[in-house]
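A.B. asks: Each chain, written out:
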Amino acid sequence: MSLASLDQERRKREGGESIPWGRWGMRGIALSYLFVLLIIPLVVIFQDGLSQGLGGLWHQVTLPIAWASLKLTLWTSAVMTLINSVMGTMTAYVLVRYNFPGKSVLNSIIDLPLAIPTLVTGVMLVILFGPQEALGAWAQRTLGLSIIFAPPGIILALLFITFPFVVRAVQPVLLSLDRAQEDAAATLGASAWPIFRRVTLPPLVLPLMTGALLSFARAIGEFGAIVIVAGNIPFKSQTAAVYVLGEVESENRLGASAVSIVMIAIAFGLIIVVDLLQARRNQGVA
Amino acid sequence: MRTKTVKLFILVCLVTLLAGCASPAQVPSPTQATSSTAIPAAASTPSGNKQPIKLTLGAYTTPREAYKELIPIFEQQWKQQTGQDVTFEESYLGSGAQSRAIVEGFEADIAALSLEADISRIQDAKLITNDWHQLPHNGMVSDSVVAFAVRPGNPKGIKDWADLAKPGVNILTPNVKTSGGAMWNILALYGAAKRGFVEGVPKDDEAAAQAFLLSVLKNVSVMDKGARESITNFEKGVGDVAITYENEVLVGKQGGAKYDLVIPRSTILIENPVAVVDAYADKHGTRAAAEAFVNFLFTPQAQQIFAKYGLRSPDPEVAKSTASSFPKVEDLFMIDYFGGWKKATPDIFGDNGVYTKTIAQLQGGSN
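Just so you know, the protein sequences line up as chains A and B, in that order. Under this note's numbering, the first residue of the first sequence is numbered 54, with each subsequent residue one higher. Under this note's numbering, the first residue of the second sequence is numbered 5, with each subsequent residue one higher.
These are calculated hints, taken from the structure and not from any lab test. Bear in mind the structure is a predicted one, so any value in this text is a computation, not a measurement. Be a bit skeptical, because a hint or two may be false.
Cross-link-like lysine to any residue pairs, in silico, SDA-like; alpha carbons within 25 Å at most [stated by the list, open to error]:
1) Lys361(B) / His112(A)
2) Lys156(A) / Val89(A)
3) Lys170(B) / Ala203(A)
4) Lys262(B) / Leu181(A)
5) Lys240(B) / Trp246(A)
6) Lys361(B) / Gln331(A)
7) Lys222(B) / Pro117(A)
8) Lys240(B) / Leu181(A)
9) Lys324(B) / Pro140(B)
10) Lys170(B) / Gly197(A)
11) Lys222(B) / Gln185(A)
12) Lys240(B) / Trp120(A)
13) Lys54(B) / Arg68(B)
14) Lys124(A) / Lys361(B)
15) Lys257(B) / Val176(A)
16) Lys160(B) / Trp191(A)
17) Lys347(B) / Lys262(B)
18) Lys312(B) / Lys361(B)
19) Lys287(B) / Pro156(B)
20) Lys222(B) / Trp246(A)
Some chain A residues near chain B, calculated using beta-carbon distances under 8 Å [as the list claims (entries may be wrong)]:
21) Thr115
22) Ile118
23) Gly183
24) Pro184
25) Gln185
26) Ala187
27) Trp191
28) Phe202
29) Pro205
30) Val280
31) Asn285
32) Ile286
33) Gly299
Backbone N, C-alpha and C define an ideal beta-carbon position, used for all residues, glycine too.
Please model the entire structure based on the sequences and the hints provided.
C.D. replies: Below you can see the structure in the form of structure tokens.
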């Protein structure tokens, strides 16, 4: 078919002579898919949580045990995000700027936490850091620090699970950076740290924040690893996701949905922020 | 474009995760997944019909080993009596979760659960319509008591409930929100205190019994989802004592686990009900076989096998012949002490229940 006839063909299609089933069909399928898979379940959760109005939802969320579980979830996720931001950026930097044997293997391993069932992650951490295991016993004895069945275990599990997020957000930007600026700064006599802070870091801030927020959003919903490594004691080591499970199992769907809605709202808010950050970054590039 | 895709992927992950948290009962366990695809047996009358049938057993976790031995015996007996082949699909979940799964459409022909309240839930859903209390022993197929597993040689000297409140004792007990066993544990602990079997707690002094409950709860370090997870954690070396079913400890010891059984002076008699789930058995046309299986569980032969796996027999004859395996309890009380499950569930575990109020006091306590 010649180019001209193709063009004609297209004009015919866009001219609305017949209903463009192909185009609308695809949109229809994609949108219904999204609707069935995402929107409807979300609506159901919101319907459940709001079945007794906003007051009912607020009451469920502010029950002392529910509130404590949300607070624990948020502060452990925040600590994880801080550590992850620093270490993730450093890991990305090392992977991009240095050469060492095994680098490509290491680069592939970074994504593995996405593929490991988080339950298995939990079991591994208990085997490694449990109070009866060598490392865990050592920490308990010398540092007086309980890791497993306490908040540090939660943070460790979250760090493991969200490991790729910051690295994978920062790495491509770091790769695309023009090193001439760093070289120029070095020629002008700047030493390594100021170069990193003033030249290398600024363009990394946006991707870093994207990665950090995504890891935070991912962390607040984590269940599989947490239920194994945290003691799940109300007020001490019970996170929001584990609390939700308890409420479902004891047939308090309102309570379960209410706390879920708060978690969804936080995650969704963060994803919108990520969206805005990304839009800004794209503008900056263009 | 790439980041957009990544973002969408993560959003999908998040939402599925959150949605998953909200309804774990609908996530099929491996055993359920296989059984849900099972072809329903032919719906014609079982008598004279030589087509093989399949029975689905929805059970709680702790009698798993006993059923592994019981089922082949029944399959053989049924074949001899009727000439029909019967096979089993087995699913083992925490009692409450299993009960909810059955209510939500897991088509088990037989429900074997930890506590009566979980059978009642299925009755309330109109899936069990028979009067299962008409079965022998009021429909209770096995008994146990709440006991302790302690480290070999009992280094912390845990002999009775009072020892659990001592400072520095690290206790495991499952979460009452998810585990039937955990509810039995709390009832045993609170009941023993209220009945005057804890030093320093006067008989029938509810406030003192509740204070004692709080002091024990403060020593709990891990609340697992179910009794089996809890004892597994204990086997891994966590904690000084696990409050659990006596049969869990006995089965664990049979399997080579190194811990000792301690039976407190006063404890609750755990009674495990079994019932045919009428709606599903009729739908599958398996009623005759399902009823035969339930009746088989009450025979002395089956009761001996339950006893072999650490469960006390409600059958007086079998109980007598297996008495040597089961230490006598000084003060054994029943759920009736709390007015039955219908009353105990709200009184102890409801929004204003004793346990709920006590756990709220953990706030601002230790840590």
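A.B. asks: Each hint needs a verdict: does it hold in this structure or not?
C.D. replies: Going down the list of hints, with the structure as the test:
1. Lys361(B) / His112(A): Satisfied, since the Cα-Cα distance of roughly 17 Å is no more than 25 Å.
2. Lys156(A) / Val89(A): Violated, because 42 Å separates the two Cα atoms, which is more than 25 Å.
3. Lys170(B) / Ala203(A): holds (21 Å)
4. Lys262(B) / Leu181(A): Given pair Lys262(B), Leu181(A) holds - Cα atoms ~21 Å apart, limit 25 Å.
5. Lys240(B) / Trp246(A): violated (47 Å)
6. Lys361(B) / Gln331(A): Roughly 47 Å between the alpha carbons, so the hint for Lys361(B) and Gln331(A) is violated.
7. Lys222(B) / Pro117(A): Holds: Lys222(B) and Pro117(A) sit about 17 Å apart, inside 25 Å.
8. Lys240(B) / Leu181(A): holds (12 Å)
9. Lys324(B) / Pro140(B): OK: Lys324(B) and Pro140(B) at ~17 Å, within 25 Å.
10. Lys170(B) / Gly197(A): holds (20 Å)
11. Lys222(B) / Gln185(A): Roughly 21 Å between the alpha carbons, so the hint for Lys222(B) and Gln185(A) holds.
12. Lys240(B) / Trp120(A): violated (31 Å)
13. Lys54(B) / Arg68(B): Violated - the C-alpha atoms of Arg68(B) and Lys54(B) are around 29 Å apart, more than 25 Å.
14. Lys124(A) / Lys361(B): holds (20 Å)
15. Lys257(B) / Val176(A): Within the cut-off at roughly 23 Å; holds.
16. Lys160(B) / Trp191(A): holds (22 Å)
17. Lys347(B) / Lys262(B): violated (38 Å)
18. Lys312(B) / Lys361(B): violated (39 Å)
19. Lys287(B) / Pro156(B): Cα-Cα ~50 Å, so violated.
20. Lys222(B) / Trp246(A): violated (49 Å)
21. Thr115: violated (13 Å)
22. Ile118: With Cβ-Cβ at 7 Å, under 8 Å, it holds.
23. Gly183: Result: holds, 7 Å to nearest chain B Cβ.
24. Pro184: Holds - the Cβ of Pro184(A) comes within 8 Å of chain B, reaching about 6 Å at its closest.
25. Gln185: With a closest approach of 3 Å, the Gln185(A) hint holds.
26. Ala187: Violated. Min distance 12 Å.
27. Trp191: Check failed: Cβ of Trp191(A) comes no nearer than 15 Å to chain B, outside 8 Å.
28. Phe202: For Phe202(A), the interface hint holds, since the closest Cβ of chain B sits about 5 Å away, which is under 8 Å.
29. Pro205: violated (13 Å)
30. Val280: holds (7 Å)
31. Asn285: Constraint on Asn285(A) satisfied, holds at 5 Å.
32. Ile286: Status holds, d = 6 Å.
33. Gly299: holds (3 Å)
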